[in-house]
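Read top to bottom, the protein sequences are chains A and B.
First residue of the first sequence: 1, per this note's numbering; consecutive thereafter.
First residue of the second sequence: 1, per this note's numbering; consecutive thereafter.
Take these hints with a grain of salt, some might be off.
A short, non-exhaustive set of chain B residues, derived as facing chain A with CB atoms under 10 Å [said to hold, decoys possible]:
#1 K42
#2 P148
#3 I168
#4 K507
#5 K510
Below, computed lysine-lysine pairings styled on DSS-like, alpha-carbon distance capped at 27 Å [to be verified]:
#6 K486(B) to K42(A)
#7 K42(A) to K243(B)
#8 K108(B) to K42(A)
Label pairs and their computed distance ranges (CB to CB) [stated by the list, open to error]:
#9 T242(B) to Q79(A): 53 to 63 Å
#10 D113(A) to E89(B): 33 to 43 Å
#11 E89(B) to N524(A): 48 to 58 Å
#12 N524(A) to R57(B): 32 to 42 Å
#13 Q451(B) to R92(A): 35 to 45 Å
The hints are simulated quantities; they were obtained by calculation from the structure and are not laboratory data.
All residues carry an ideal CB built from backbone N, CA and C; glycine is no exception.
Number of protein chains: 2
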Amino acid sequence: MASQAEPVRSSSQYNGDNKQNGIIQALLTDLYQITMAYSYWKSGKQFDTAVFDLYFRKNPFHGEFTVFAGLEECIKFIQNFKFSDSDIEYLRSVLSPSIEEEFFVYLKNLTTDELTVYAMDEGEIVFPKVPLIMIEGPLPVVQLIETPLLNLVNYASLVATNAMRFRIAANPNTTLLEFGLRRAQGPDGGLSASRYCYMGGFDGSSNVLAGKMFGIPVRGTHAHAFVTSYVSLQDISIRTLTKKNSTEKVDFVDICLKWQSKLTSVIDFLADQVQPGELAAFISYAQAFPDNLVALIDTYDVIRSGLPNFCTVAMALNECGYTPKGIRLDSGDLAYQSLHVRRIYTKVAKAFDVEWFKDLLIVASNDINEDTIHSLNQQGHEINSFGIGTHLVTCQKQPALGCVFKLVEINKKARIKLSEDMEKVTIPGRKVAYRLYGCDGNALVDLINQQDEPPPSPRERTLCRHPFQESKRAYVSPASVQVLHKVYWKNGMIQQHLPTLKELRDKAMKSLQTIRQDHKRALNPTPYKVSVSSSLYTFIHQLWLDSAPIGELS
Amino acid sequence: MASQAEPVRSSSQYNGDNKQNGIIQALLTDLYQITMAYSYWKSGKQFDTAVFDLYFRKNPFHGEFTVFAGLEECIKFIQNFKFSDSDIEYLRSVLSPSIEEEFFVYLKNLTTDELTVYAMDEGEIVFPKVPLIMIEGPLPVVQLIETPLLNLVNYASLVATNAMRFRIAANPNTTLLEFGLRRAQGPDGGLSASRYCYMGGFDGSSNVLAGKMFGIPVRGTHAHAFVTSYVSLQDISIRTLTKKNSTEKVDFVDICLKWQSKLTSVIDFLADQVQPGELAAFISYAQAFPDNLVALIDTYDVIRSGLPNFCTVAMALNECGYTPKGIRLDSGDLAYQSLHVRRIYTKVAKAFDVEWFKDLLIVASNDINEDTIHSLNQQGHEINSFGIGTHLVTCQKQPALGCVFKLVEINKKARIKLSEDMEKVTIPGRKVAYRLYGCDGNALVDLINQQDEPPPSPRERTLCRHPFQESKRAYVSPASVQVLHKVYWKNGMIQQHLPTLKELRDKAMKSLQTIRQDHKRALNPTPYKVSVSSSLYTFIHQLWLDSAPIGELS
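Construct the complete structure from the given sequences, taking the supplied hints into account.
In structure tokens:
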């Protein structure tokens, strides 16, 4: 279904706004959802009741776990779902002129009131084949929301999982900062990245709007351009600094120069080899943020210029009653440089009896990915904080999660989608899923039951079967059992409290704790088992047999 | 600079809206731009005049060309740049309490009126090192817009280039459709993808909102779920179809069954082997869109069920005066299947004397990337149209372009950023760039001059030098010379017509025509040469010498 009859509008007409008052528009969908809706409507199937499962088939990044993210956005989309008059007008212009007018009335009056949405909690650790979201309702309505739901869950879950992998790779005391705005897919891509990286375990972001919108702690100091914009100490027009908790103004530049000369022998550098513009930049930044100096020291030469200039200004700040924060490295061998910086910190600490100096921050931010962090850990390093951009937000290792949205029941009849690729066979019918835990609190297995089966009971033997392979099965006696889905939307209303982003982050961190270490390791992790009940197993295989082609072996 | 003092807000407070009335907010930037602005302001550098270049260092996808995209969004961002009261209030809450109050007044009153923006035309084919955008103005203002500009140009140019590479790979008569909404980075990522893939040479998108907002032709028919939602012919509650240009209603299901039996011998299938639900789905879709049937034929079995069912309904449509469109394949061996489908089309065409049947559409859409298209072309195939999602919009091969924004001049003094990595050395100072063309209309070389040099003249020998390597130089006598940058923003006003998206697409296609074939080929393309004038070469190398460390070889 297509039309090019409509003249191409000036791209400026709609001004790039995909939302109205922050609401994602119903039209953010694939055209085929609309053409299918018309076809359902026309053949009288608009009242058919369908159940669709949203799930993924494979964990990303060669890993064995995923974080579920994006649910709040899905629920709010469903809450606000509505075709506007201008949407209808647009659809009328692009769809075939043979479309009956009453269909547009139907679309205009369409609501999500008759949908029931079952979902896992956002922030839960999730696994392949277990539905993240199950939706029941009128066939055309469920289909219309497929694309926006996939859009909202796919990238959110992917980038939250990526962030969590960085979180696992880094030392727990290491601060992780998301610096990806400039590499994300446009403004909204950048905001999604900041939001879901925080949920996945990052500690802050450079993205100021994300800070404002989502309450994420924001971080940042200065760029190379800041350093190169200063040529010499003459660029500092105001030389003074007011001492901390005092009104006394001192010539801060003079104090810096005094410390420069004191430091030359201690940390072995030549005052005429440091870049004067870099020194001026650090002084200027220190005057602006005397309690927050994090100096980017690699613009010219880390060892001969950047680090000595930082120590100079840091000791001058100390003399004035302030405490500097540390340095940032943005190029070169981060392991080697961080060890060197820590050695110099320690030397200065001893030489001037400033114990805290050895613990100053070392931030690193040069094209870091998950493997870099593992490699740095093996080499040994002294980095306290990573700023991570490109690899984090673009998910370079695997830039798409691949969630799918599959019909599993229509008018109470289970549907199965067969495929020669076993991984692509769907699990039919309405289901209930459980997570079974051992007595150590670790998750043992996820179990999918048919809707009307009794739930597994703690301390009772439960048969867990691989959905497709007969030989794979085990009896599990769980210490405790968790129901994985809750009703999030019913009768036109949100049915659950939607947590704050901070609560979602806590939830994700807590859920991660219940996953065994061997499922989380970077190299060859053990697959977590997702199973079905004996009854569901039999049902799947009966449906499979029923749909075999007639008259031949296949 | 950071603060966690602010309690983390409910993520629902701002409702995910990154824009107000479609305008990207000024706060969509990295925090360090704000902290640097404060530092500049505090040290009296807020009136310094800076020149920054926005450029990239390497073409993406192992290619030798890039399409410049995102300029309109940049210019509109600059036009609407303004900190709101709530932005200021937020900044006050997260910045150090030591920040002077007058700075917030300064921020509140900040405008982009004093900026001058020089840019290449959007849609132009561009190369490494030649600035896409050059911005001159007050240092803090230019820095504040760095992040949003990089955000807006990076992904736009990357995905437009990716689209163009698909366009080059495909046969010129092949229709390319973007199907990536569900795999993009959130709603806005999806819209950017649709917009810039169209600019890069795609013919349409499945994204309905992108169609509405940007006038992109929208396409789509139905999904597998549509097919599986029908179980048998009994699902068709209305059996009739009105004949084309007539009021006569016929029993369309009966006509289909008649054609099914006629076709069994012609294309060799068994009526009891086709899936009845699939036939019902195609009939239903045909009743809704009798002139637009594109049937997805791989839900069960392409050869035994999907294709016979399509031919059945297609011939029935023909009997009723309508013309079907064709089929879509979404799995399996696309080359083999498309050849088979064309053979069957041809058989039907001959058997029933319907010549046009052999030319029906074959659309393919299974996880297609650039290499798949090259491989299909080598094998031979009959596909008329590709629907491409994941690989296109996520740019799987290289998910970030890596544009940078570098200070090249401050207060009329050129600045150079040195690096041990030659590729990272900046070209200092304000520049003027030209594209030199041969008499065949092909681009020969891009040439960067210093600001005050005379331009190269047609038919005169011009020395073009590699910016960093002394031995690489050549005399070029161009047939014609194009100035590459225009003033897009000055005195607070847009200075150029901003073309429609369709015009930008035409521009990109036209610009591509001027690039030699060997620069465009997929495997080992020849690098296009970017050069500097003799005078700029000397200037770079003088600055380089001047900034050498004192007292040693380095």
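We went through each hint and held it up to the structure:
Hint on K42(B) holds. Least Cβ distance to chain A is approximately 5 Å, under the 10 Å limit. Satisfaction of the interface hint for P148(B) is found here, the shortest Cβ-Cβ separation to chain A being roughly 7 Å, below the 10 Å cut-off. With a least beta-carbon distance of about 22 Å to chain A, the hint placing I168(B) at the interface is violated under the 10 Å criterion. With a cut of 10 Å, the hint placing K507(B) at the interface with chain A is violated, because the nearest CB-to-CB distance is about 13 Å.
Using the Cβ-Cβ criterion of 10 Å, the hint placing K510(B) at the interface with chain A is not satisfied: the shortest such distance is roughly 17 Å. Between K486(B) and K42(A) the alpha-carbon distance is near 54 Å, which puts this suggested pair outside the 27 Å criterion. For the hint linking K42(A) to K243(B), the alpha-carbon distance of about 16 Å falls within 27 Å, and the restraint holds. For the given pair, K108(B) sits about 56 Å from K42(A) by alpha-carbon distance, which is inconsistent with the 27 Å threshold.
As the Cβ distance of T242(B) to Q79(A) is approximately 40 Å, the hint placing it in 53 to 63 Å is violated. Between D113(A) and E89(B) the C-beta distance comes to about 38 Å, which sits within the given range of 33 to 43 Å. At roughly 50 Å, the beta carbons of E89(B) and N524(A) sit within the given window of 48 to 58 Å. In this structure the hint that N524(A) and R57(B) lie 32 to 42 Å apart at CB holds, the actual value being about 36 Å.
Taking the beta carbon of each, Q451(B) and R92(A) are about 54 Å apart, not inside 35 to 45 Å as hinted.
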